[in-house]
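Novice: Go ahead and model the full structure; you've got the sequences and the hints to work with.
Top line first, the protein sequences correspond to chains W and D. The first sequence begins at 29 in our numbering and counts up by one. The second sequence begins at 7 in our numbering and counts up by one.
Hint data in this document are derived by calculation from the structure and do not stem from the laboratory. Hints are not guaranteed to be accurate.
Stated by the list, open to error - Calculated lysine-lysine pairs in the DSS-like style (CA-CA distance at most 27 Å, straight line):
1. D/170 to D/192
2. D/18 to W/301
3. D/170 to W/301
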Amino acid sequence: MSRPLLVAGGRLVDPSQGLDGRFDLLLEDGKVSRVEERLEAPEGAETLDASGLVVAPGFIDIHVHLREPGQEYKETVESGTAAAAAGGFTAVACMANTDPVNDNRSVTELILSEARRCATARVYPIGAVSKGLAGEELAEYGEMARGGIVAVSDDGKPVQSAELMRRALLYAQHYGLPVVQHAEDLHLAAGGVMHEGEWSTRLGLPGLPGAAEDVMVARDLLLLEETGGRYHVAHLSTARTLELVRRAKERGLGVTCEVTPHHLLLTDEEVWKSQFSTDTKMKPPLRAEADRQALLAGLADGTVDAIASDHAPHHADEKDVEFSLAPFGIVGLETTVALCLDRLVRPGLIALARLVELLSTGPARAFALPGGSLKPGSPADLTLLDLERPVKIDTAAFRSKSRNTPFHGWELTGGPAGTVVGGRRITLP
Amino acid sequence: MPAADTPRWTRKDLLGIAELSPAEIELVLDTAESFREVGERPIKKVPTLRGKTVVNLFFESSTRTRSSFEIAEKRLSADSLNFSASSSSLSKGESLVDTALNLQAMAPDLIVIRHAYPGTPHFLARRLKAGVINAGDGAHEHPTQALLDAFTIRQHKGRIAGLKVAIVGDIEHSRVLRSNVHLLRKLGARVVVAGPRTMMPAAIEALGVEVAYSLAEAIRDADVIMMLRIQLERQSRMLFPSVKEYFQLFGLTRARLAAAKDDVIVMHPGPMNRGVEIASDVADSPEHSVILEQVTHGVSVRMAVLYLLAGVREEAA
Chain W
29 MSRPLLVAGG RLVDPSQGLD GRFDLLLEDG KVSRVEERLE APEGAETLDA
79 SGLVVAPGFI DIHVHLREPG QEYKETVESG TAAAAAGGFT AVACMANTDP
129 VNDNRSVTEL ILSEARRCAT ARVYPIGAVS KGLAGEELAE YGEMARGGIV
179 AVSDDGKPVQ SAELMRRALL YAQHYGLPVV QHAEDLHLAA GGVMHEGEWS
229 TRLGLPGLPG AAEDVMVARD LLLLEETGGR YHVAHLSTAR TLELVRRAKE
279 RGLGVTCEVT PHHLLLTDEE VWKSQFSTDT KMKPPLRAEA DRQALLAGLA
329 DGTVDAIASD HAPHHADEKD VEFSLAPFGI VGLETTVALC LDRLVRPGLI
379 ALARLVELLS TGPARAFALP GGSLKPGSPA DLTLLDLERP VKIDTAAFRS
429 KSRNTPFHGW ELTGGPAGTV VGGRRITLP
Chain D
7 MPAADTPRWT RKDLLGIAEL SPAEIELVLD TAESFREVGE RPIKKVPTLR
57 GKTVVNLFFE SSTRTRSSFE IAEKRLSADS LNFSASSSSL SKGESLVDTA
107 LNLQAMAPDL IVIRHAYPGT PHFLARRLKA GVINAGDGAH EHPTQALLDA
157 FTIRQHKGRI AGLKVAIVGD IEHSRVLRSN VHLLRKLGAR VVVAGPRTMM
207 PAAIEALGVE VAYSLAEAIR DADVIMMLRI QLERQSRMLF PSVKEYFQLF
257 GLTRARLAAA KDDVIVMHPG PMNRGVEIAS DVADSPEHSV ILEQVTHGVS
307 VRMAVLYLLA GVREEAA
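Specialist: In structure tokens form, the structure reads like this:
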């Protein structure tokens with residue numbers, strides 16, 4: 029049993045209770061035990077001086093690729109959760125497209141046993157929708173749920189078959205699991221490497237049309253209306269998909285969605301500005317300015333439930349190739365919080381409390397995870413923020429094994445200042 | 007004229023037309039003019055690039071462009087070397103980075119690259135000390151083609167500004183189209199593009215062109231018509247149903263040509279598909295077709311580009 033921890037003198041921002049002000053916080057037995065304007069440290073307690081810092085419910089990144097098992101040269105549970113901790117996250121949900129695929133309980137348990145051994149953030153595995161991500165047979169959701177999965181997704185690949193999606197939405201309800209869709213019609217997207225629009229036209233690169241995302245989500249929402257259950261749109265990237273989700277929510281469907289920092293901050297023009305840098309290549313691709321503006325509006329009006337990084341590590345050799353041949357994806361665990369503070373909160377696009385909601389309460393609610401709140405009885409997971417700290421994004425300092433980011437060199441103000449998981453301060457070697 | 011106003015070439019590489027200024031384009035065309043005469047001499051050789059090494063790196067098959075560069079290099083007395091995908095380590099799975107580093111180790115002065123993927127010349131240019139000339143990168147750019155096309159238009163029309171140029175065919179997949187649009191717009195021409203709607207890329211108007219969906223509308227009162235090659239394999243990708251129907255919609259025939267100006271010139275970057283995008287009697291028409299002149303001028307324009315880029319290397323040395 030660890031010693032109680034008093035977190036004193038900070039500005040507590042907890043959207044789950046509508047709190048934003050100076051509060052002390054006592055953590056005992058892995059839970060939040062008291063939240064009051066001023067608390068004395070009980071006998072034997074450790075004190076964390078949070079003066080000058082923001083204290084928030086632990087941030088949860090619900091879209092991360094830890095690459096273990098199978099691609100440990102890109103990332104591991106250990107390096108990925110170290111990156112999470114360094115980036116201000118206390119928990120990550122990791123995608124199933126490992127090798128072997130997390131489509132059965134033994135892989136789920138392998139990931140969790142590795143997490144118990146070495147993780148510096150909580151790890152929530154996501155199981156596959158279909159065996160081998162093949163899009164044909166349902167994976168064993170019940171077995172995997174007993175092993176510890178929190179959602180199902182074939183991420184990296186869409187659930188292309190409408191029939192499989194319908195079955196997954198129905199069957200996942202037995203275990204209360206959301207079905208997370210990487211929404212992409214593979215016929216419309218075939219061969220594409222960047223957003224289809226002005227810049228794909230200028231650069232002669234094959235396009236990934238926004239319609240590939242839109243038609244998939246439209247279809248899934250029609251199915252959801254019949255099946256009930258919970259459906260989550262991963263890395264939502266287009267204005268029209270956002271509008272579909274907004275209307276579905278108005279109709280009361282069980283839909284949630286996440287957006288990534290890169291879709292909020294960059295557009296397809298970045299491919300040219302970076303002279304075809306493969307760190308501007310990901311799926312969904314960086315979209316047009318109108319899409320970006322729509323996503324920002326969705327953050328502000330509450331349509332978007334979560335910001336997630338889609339942390340997708342790749343080895344430098346894999347990315348240092350022709351644009352068309354490079355794998356899709358960028359890392360995000362160590363850039364997300366600072367980028368959001370500087371580019372979303374500082375210019376006033378959203379309030380700090382809303383950002384905290386998008387990074388903690390929102391994702392916790394979307395995946396029905398513990399956390400996302402500092403009400404007494406909640407897990408003692410905290411993210412500390414320093415809103416004035418100058419941050420220069422430097423890939424050489426990353427804890428992640430991979431360096432593939434378009435944000436290297438960005439100079440920002442404000443960033444993570446530490447995490448507490450289960451009442452223990454996380455210190456990285 | 008004061009020296010400060012004389013345009014100078016300062017770029018290490020020629021990667022595309024998009025980033026060039028009108029003055030840079032005019033400089034290449036004027037320089038090409040002075041090399042044109044070399045090709046008309048009995049001894050077609052000048053010592054300009056003696057001792058310079060030029061590597062022709064062709065990852066995609068090409069007869070016309072590669073031969074044109076090779077002839078230009080020989081006429082300038084450069085030492086040139088050809089790599090093609092089938093004969094080199096490129097087909098043995100070596101990465102492009104390693105290919106680039108190995109080339110660099112041999113210290114070439116200029117590299118001419120043709121590649122199926124957009125941005126590959128940019129990738130090499132960032133890593134190599136050698137000047138890089140883009141000889142076609144996927145559907146992105148083919149700058150020397152646009153320059154030789156402009157050179158050919160100037161020979162016939164004396165100017166580019168104010169001309170109406172129609173470009174017809176597979177707009178989406180054409181690097182020739184993109185480089186030509188940039189160049190012609192920068193020099194003040196009006197450009198109309200036409201082709202099947204299934205081959206018209208998103209937001210093409212953003213490039214400053216007008217769009218027509220019929221051949222007749224596109225070529226009405228045109229001074230110049232450029233026909234683009236239709237790649238027959240596009241048929242299998244549902245972009246058009248048959249060659250016959252393509253020719254009915256967009257094939258350039260002598261009867262249709264009547265809608266253009268009387269002195270219209272007809273161009274084609276080659277290789278042509280006779281009876282698909284262009285009828286033989288148009289392709290071979292002595293009063294309108296300038297297709298073989300384009301090939302001739304290609305050598306002068308490429309000599310100019312090699313000369314200008316080698317000059318930058320000289321100053322940097």
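Novice: Starting from residue 18 of chain D, check that the Cα of residue 301 of chain W is at most 27 Å away, please.
Specialist: The hint holds at about 18 Å.
Novice: Within 27 Å, alpha carbon to alpha carbon, are residue 170 of chain D and residue 301 of chain W?
Specialist: 31 Å, violated
Novice: Assess, step by step, whether the Cα of residue 170 of chain D is no farther than 27 Å from the Cα of residue 192 of chain D, and give holds or violated.
Specialist: 14 Å, holds
Hint check: a violation occurs at hint 3 only; the rest are consistent with the structure.
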